[in-house]
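First to last, the sequence lines map onto chains A and B. Reading the first sequence from the start, the letters are residues 25 to 419 in my numbering. Reading the second sequence from the start, the letters are residues 78 to 434 in my numbering.
Think of the hints as simulated: they come from the structure by calculation, not from any bench. Mixed in with the good hints, there may be bad ones.
[What the hints assert, rightly or not] Derived DEER-like restraints, expressed as beta-carbon distance ranges:
1) B:R281 / A:D372: 51 to 59 angstroms
2) B:P143 / A:L155: 32 to 40 angstroms
3) B:D99 / A:D311: 36 to 44 angstroms
4) B:G289 / A:P310: 45 to 53 angstroms
Computed from a prediction, not measured in an experiment: that's the story for all the values here. Cβ coordinates follow ideal geometry from the N, Cα and C atoms, glycine included.
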Amino acid sequence: MTDRRVYLDHAATTRLLPAAAQAWAAAAAQVGNPSSLHTSGRRARRLVEESRESIAEDLGVRPSEVVFTSGGTEADNLAVKGFAWLGDPLGRQGSRRRILASPIEHHAVLDAVLWLQEQGQPVEWIPVDALGRVDLDYLQQHLDSDVALCTVMWANNEVGTVQPVADIAAACREAGVPFHSDAVQALGALPLDLTLPGLTSVALSGHKIGAPVGVGALILDRDAALVPLQHGGGQEREVRSGTVDAASIAAFAVAVHEAVTEQVVSAAHMAMLRDRLIEGITGLAPDAVVNGDLVDRLPGNVHVTFPGCEGDALLMLLDAAGVECSTGSACTSGIPEPSHVLIAMGVDPRTARGSLRFSLSRNSTDADVDRVLEVLPAVLDRAARASSPRLRSRV
Amino acid sequence: MRVIAALSGGVDSAVAAARAIDAGHEVVGVHLALARVPGAGTGSRGCCSPADARDARRVADVLDIPYYVWDVSEEFSAEVIDDFVAEYDQGHTPHPCLRCNESIKFSVVLERARALGFDAVCTGHYARLVEGPEGRELHRAFDAAKDQSPVLSVLDADQLAGALFPLGESTKGEVRAEAAARGLRVADKPDSHDICFIPDGDTRGFLQQRLGDRPGDLVDVATGEVVGQHEGTYGFTIGQRRGLDLRVPTEAGDRRYVVDIDAASHRVYIGAHELLAVRRIDAERPRWCGPPPTEDLLGQIQFRAHAAPVDARVVVDGDRVSAHLAEAVHGVALGQALVMYAGSRVVGSATISGRAG
Chain A
25 MTDRRVYLDH
35 AATTRLLPAA
45 AQAWAAAAAQ
55 VGNPSSLHTS
65 GRRARRLVEE
75 SRESIAEDLG
85 VRPSEVVFTS
95 GGTEADNLAV
105 KGFAWLGDPL
115 GRQGSRRRIL
125 ASPIEHHAVL
135 DAVLWLQEQG
145 QPVEWIPVDA
155 LGRVDLDYLQ
165 QHLDSDVALC
175 TVMWANNEVG
185 TVQPVADIAA
195 ACREAGVPFH
205 SDAVQALGAL
215 PLDLTLPGLT
225 SVALSGHKIG
235 APVGVGALIL
245 DRDAALVPLQ
255 HGGGQEREVR
265 SGTVDAASIA
275 AFAVAVHEAV
285 TEQVVSAAHM
295 AMLRDRLIEG
305 ITGLAPDAVV
315 NGDLVDRLPG
325 NVHVTFPGCE
335 GDALLMLLDA
345 AGVECSTGSA
355 CTSGIPEPSH
365 VLIAMGVDPR
375 TARGSLRFSL
385 SRNSTDADVD
395 RVLEVLPAVL
405 DRAARASSPR
415 LRSRV
Chain B
78 MRVIAALSGG
88 VDSAVAAARA
98 IDAGHEVVGV
108 HLALARVPGA
118 GTGSRGCCSP
128 ADARDARRVA
138 DVLDIPYYVW
148 DVSEEFSAEV
158 IDDFVAEYDQ
168 GHTPHPCLRC
178 NESIKFSVVL
188 ERARALGFDA
198 VCTGHYARLV
208 EGPEGRELHR
218 AFDAAKDQSP
228 VLSVLDADQL
238 AGALFPLGES
248 TKGEVRAEAA
258 ARGLRVADKP
268 DSHDICFIPD
278 GDTRGFLQQR
288 LGDRPGDLVD
298 VATGEVVGQH
308 EGTYGFTIGQ
318 RRGLDLRVPT
328 EAGDRRYVVD
338 IDAASHRVYI
348 GAHELLAVRR
358 IDAERPRWCG
368 PPPTEDLLGQ
378 IQFRAHAAPV
388 DARVVVDGDR
398 VSAHLAEAVH
408 GVALGQALVM
418 YAGSRVVGSA
428 TISGRAG
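Only chain A is shown next, with the shape it has when bound in the complex (with noise of 0.2 angstroms):
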């Protein structure tokens, strides 16, 4: 194994901006309660109400809409259950029951629309096309008053496609139901405009954008009501309990300042190593495709299917050769599964199963494009190899 690791999974996790890590290590250091009322309370609720305004500034919305969470998981679960459940208050004939999703969601969104399904809420979803776009035809024909919901990510997770989010807003307005967007991967890599009209909630998640693991926000509009997940001292705007964590909201604002801030500089950096690896792998290996739109798209994923090859054995020998990326969807087990993305984008399970994802970040540079291009011929013809002869056999 080599010393050299490249890392280049920067959509599961990121590292720790160091200016992120001194403003959480300052705030941890002072004790306080934020909902307390004296005076060192009155310092840590200081500093989480300084860190919402700053947050709000930077998204262009208003304090108040930003409403902390441990993450990205649950403000995706707070706005799908939060507006299943208020549309559908007494589960009476005639109120608002309907939920309209993507099937490319993120779990945190998906396996809560699911559970609602199992809970016997009825759910339509809608298709999304080969490069993973959502049917807009088919999301305005099917809403209507009697839809609680309709709930579609900013970009996906695994193959990067972004979604037409301002018409998807638009239409939801003219049907005057709630929509909410999972922009986990968007946050610093693409511009977001969270004045959209039409858009009601958007999640957000700390860690991927250089705060610790453990802290998000649900961007919720200031006229939007929902049902709690969590009851307790009601701490942000009522509808989200628990002790706030004033340091990793410290942290927080300062990453999503930098993101912000430097969103256009990272994406244009992040674009041209993504566009150089591409077209590396696909000249290495001419048959390997290129998933999710290549124009919308996010701007540090690369996503790419290998014929023949199967994902984990793929990874297994990047890793040893030390390039650390990701199939793109694994359950906690960790036995590979095939991705409900591609799936829903029309390919193959069997196929499916040998992607990869690259995901850069503004630190990622040339050497790391160079070292995968330079281990991978290698690391595809072995796992050719080793793809199972018998499941081959079975195609």
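Following the hints, position chain B against chain A.
Showing chain B alone in chain A's frame:
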């Protein structure tokens, strides 16, 4: 060597992997997803997160080796579970662990490991590999109580060449103590005994789901009299005494045993213990752990896990094997393995297809 350590999540495979590392091998841990048990997981994922996979991952973390899950559930289902059900369907009593070692661990997994640039698959089986004059030999473990050479008796020379069994010279107690000393918290896990793809242990229920109810008669083999009913021949194995649910005792008041199963007529024959006595065992589909024998083998045979070995002369005729036993044995079930030994060395094994008194 570069070694894939199969980590089950249990203590044996953990210590085996640790010893492989100590021996200087470059070790990568792999947990095999054999059977997919739906349920525990949430929502969109088709898999569960079994506790064993977590334990295996923890072992790899403690040993500081890479860890992966290899999904061989399709192959396992086709090679092991389907065979298991088909054998019971015919009134046989299969041994799925042998099939798994033959067709999965030292076939699919070993082939994949080799293709990925590894030399061997390391497991926590209690058995020894000895370099002999005619190549590598498989031998019984030193710990007779734990000896797992019977379930490995299906491995041929090429498979043995890609195997690593670091526990063959240890006792289970030593391995547990070593696991504790190494800080492997799995040291206290109980041994697994059951069939891994039937976690609730209800083999009959598992087979009932796949083969359906097949009611039939319990027939007294001596009188031809129908003495009871059963739900399916797959619930029985030769030599079984419990669970016959017979209300009518024999005239002499003797215990009665399953002495024969005829899956075609759905009949289970019962009779006295002496009817189980067997002096010759016929078997087919032999697997040789090295060069096939060129003449009759004067050695020992074993027909059940942890049964005492019996002296025998084994006649090999192409794809057929007949073992002539020095003393009678009882409870020989079709479908089980006839494992052949020369002292501690495993010569090979074959699937029992017939028996005679």
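Each hint tested on the structure:
1. B:R281 / A:D372: 51 to 59 angstroms: Cβ of B:R281 to Cβ of A:D372: about 39 angstroms, so the range 51 to 59 angstroms is violated.
2. B:P143 / A:L155: 32 to 40 angstroms: At roughly 34 angstroms between Cβ atoms, A:L155 and B:P143 fall inside 32 to 40 angstroms, so the hint holds.
3. B:D99 / A:D311: 36 to 44 angstroms: Given a distance of about 43 angstroms, which is inside 36 to 44 angstroms, the answer is holds.
4. B:G289 / A:P310: 45 to 53 angstroms: For B:G289 and A:P310 the Cβ distance comes to about 51 angstroms; the hint holds.
Going through the hint list in order, the structure does not satisfy hint 1, though it satisfies all others.
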